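Each chain, written out:
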Amino acid sequence: MPDAPALAWWTVRARARRGTTADVSTLARQAWLLAKNDLRQELRDLELVLTAAFFTLVVLVMFALAFAALPAADQTLAVPGMLWLAVAFVGALTLTRIFDREREADTLRALLTWPVERTAIYFAKLIVSFAVVFGCTALLLPALALLFPGASAFFERPGESFLLLALGCIAYCSVGTLFAAGLATASGKNVLLSVILYPLTSPALIFALVATRALLEGHPSFGTYLGQLAALDVVVVAVAAWLFEPVLVGGTAKPRTDRGPRRSAEGASR
Amino acid sequence: MKRHLPTALFLLAVPMFIYSVQRIFLNTPIESKMGTVQKIFYFHVPLAWIMMALGVACGIAAGIQLRRHSKLAEATSIACAELVLVTGLGVLITGPIWGHATWGRAWTWDARQVSTGLLWIVFAAYVLVRRYGAAGSDRLAAALAIFGAIDVPIIYYAVKIWKTTHPTTDVVGSLPSQMWNSLWVALVALVAMAVALLVTRIRQEMNAIALDDAWIAFDERTRAHGGSGGAA
Amino acid sequence: MSFEEPADDQYEPVTGKDAQTVKCVRACEAEAAAKTASDYEHVVWAYGVIWALFCGFGVLLWMRSKRQEADLAELKRRLSP
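Protein chains in written order, with our numbering: chain A, 824 to 1093; chain B, 10 to 241; chain C, 11 to 91.
Chain A with its partners taken away, still in its complex shape (with noise of 0.2 Å):
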């Protein structure tokens, strides 16, 4: 019986057609393609879903172990700040095994060989982890309000704390998926994504945290932060997007100093 993801790329490959120019149209068929296969898969076992909640209510029982004596107006002013470090926690343990997946089967680098778009590629994982990061927000919402008497306010304005999760997940999944992918390769070290992710995303952590923090105390200008969250999800997932291709093009267990063809014409200058 053929492996399992192995067959669902088969599939995929013989469902999707090659686009020379970036069709918008074909980019997202295929994505979505893709991110399907991955997430039925993921319904199969739910393996990822399941570590990723646990995790979440992990990490928001070591806050409450680590805040449990600070005075309940003290708690409520650090909620938005666990909240987004809960994400980011969460996050970063969704990436790092959505591509051990890929490395363990090696995926990754067949995918590139086949006729499916790199960008299409990003989306699909950006999709799926995007799909499961704020789906664990789903259970650290109540937890978190049922832990810390203040985080309740998001309760009270819904619509507004939909959005504003959606936003900073996008922002966080989209830096992480790109160098998650880059460090799949087959001697890629686990420990860099970790250096590497919270730095990045710490801009956009702190535009969200501003954001939770308007939202909580009901400030006006909950609004203008939002849209600033909205500009820079736009400008981080398009530059991650615009960088995958060469970060994994190249970068699957190639040498330094293989600098190709130029090397002899170097050599001969020298």
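I should point out that these hints are in silico values taken from the structure, not numbers from a laboratory. Incorrect hints may have been included.
[Said to hold, decoys possible] Label pairs and their calculated CB-CB ranges:
1. Trp61/C x Thr231/B: 43 to 51 Å
2. Trp189/B x Arg87/C: 53 to 61 Å
3. Gly1046/A x Leu35/B: 47 to 55 Å
4. Arg88/C x Arg932/A: 32 to 40 Å
5. Arg88/C x Ala933/A: 39 to 47 Å
[Said to hold, decoys possible] Quick list of in silico lysine to aspartate or glutamate cross-link-like pairs, EDC-like style, CA-CA up to 16 Å:
6. Lys80/B x Glu214/B
7. Lys86/C x Asp222/B
8. Lys45/C x Glu40/B
9. Lys80/B x Asp222/B
10. Lys76/C x Glu40/B
11. Lys86/C x Glu40/B
12. Lys80/B x Asp221/B
13. Lys86/C x Asp228/B
Only a predicted model underlies this, so the values are computations on that prediction, with no experimental measurement involved. Cβ atoms here follow ideal geometry from the backbone N, Cα and C, with glycine treated the same way.
Got chain A sorted already, so can you dock chains B and C onto it with the hints?
Just chains B and C now, with coordinates in the frame of chain A:
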């Protein structure tokens, strides 16, 4: 001529430093609100400018490296990142020293301080990935540098978007001309020093890449000749 | 020789030298002096840090350059038996 560029720049920087210190402390009036400690500003602000410029340069060089597979761009990227760390450390230390004397608090968690610290951490991550990354991670590091360069304007606009305790950017605009000129002098001195170190480091990195290539060619040749080259 | 007392209108009153005012003025001067001294200390630290960082980086570059020269010498040695 090009060979001696770093030396020429060092020889320019040293007297400029001496002149700028003399000018700052003897010829520039003392600022009325903050007193003598405001003199730190003449080095702190140019250093911050240099840090941001180098951050953007690192990102641009990384972009060129990804597009054209250029060795020089790669060396420039690494050198710029390391100098961002050095100048960033300077900014992050002199800023709190100034803040401690002026406002009594070294680290006030305001937006610009935080953003500068984050920029420093991003480029520290870049240097770490370059050093400890696996074989293909130079492209990954380049992507990191590009994101870092995008972070630089966020620093500049953070002061406008959030209310902060940091002196607003208008401080530099509303200086009397004597102070402005002292600032330019200090800027020239610091830029000369930074560029000299940058060019030296770029040359060093190009040599390192060439040495790497040479060693690999040597090893391959030895292996091709059946290990007769005595390579241990 | 007799001492002639000056007329009443030739005296100029001395102002500002009573104990209270003098103490006040001395306190202000002491505060200003302390601030200036503290300011200079901060300035020296700040400038010293900047120069130390540049020198430190220069030393690092020099050390790396020595290592590269040794590496190159080793390669040359191996190439010319």
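Quick rundown of the hints versus the structure:
Under the hint 43 to 51 Å, the C-beta atoms of Trp61/C and Thr231/B, about 47 Å apart, fit the expected range. At roughly 57 Å, the beta-carbon separation of Trp189/B and Arg87/C lies within the given 53 to 61 Å, and the hint holds. For the pair Gly1046/A and Leu35/B, the supplied restraint of 47 to 55 Å holds, since their beta-carbon distance comes to about 53 Å. Roughly 36 Å separates the CB atoms of Arg88/C and Arg932/A, a value that falls within the hinted 32 to 40 Å.
Range check, Arg88/C to Ala933/A: about 41 Å between beta-carbon atoms, so the 39 to 47 Å window is met. Restraint check: the Cα-Cα separation between Lys80/B and Glu214/B comes to about 9 Å, which is no more than 16 Å; the hinted pair holds. A C-alpha spacing of about 14 Å is found between Lys86/C and Asp222/B, which places the hinted pair at or below 16 Å, so the restraint holds. Of the supplied pair hints, the one linking Lys45/C and Glu40/B holds, its CA atoms being roughly 14 Å apart against a limit of 16 Å.
With a CA separation close to 12 Å, the supplied pair Lys80/B and Asp222/B stays within the 16 Å bound. With a CA separation close to 46 Å, the supplied pair Lys76/C and Glu40/B exceeds the 16 Å bound. For a cut-off of 16 Å, the pair hint linking Lys86/C to Glu40/B is broken: about 60 Å separates their Cα positions. Restraint check for Lys80/B and Asp221/B: satisfied, since their Cα atoms lie roughly 12 Å apart, inside the 16 Å limit.
This hinted pair checks out: Lys86/C and Asp228/B have alpha carbons roughly 13 Å apart, not beyond 16 Å.
Hint compliance for this structure: hints 10 and 11 are broken, all remaining hints hold.
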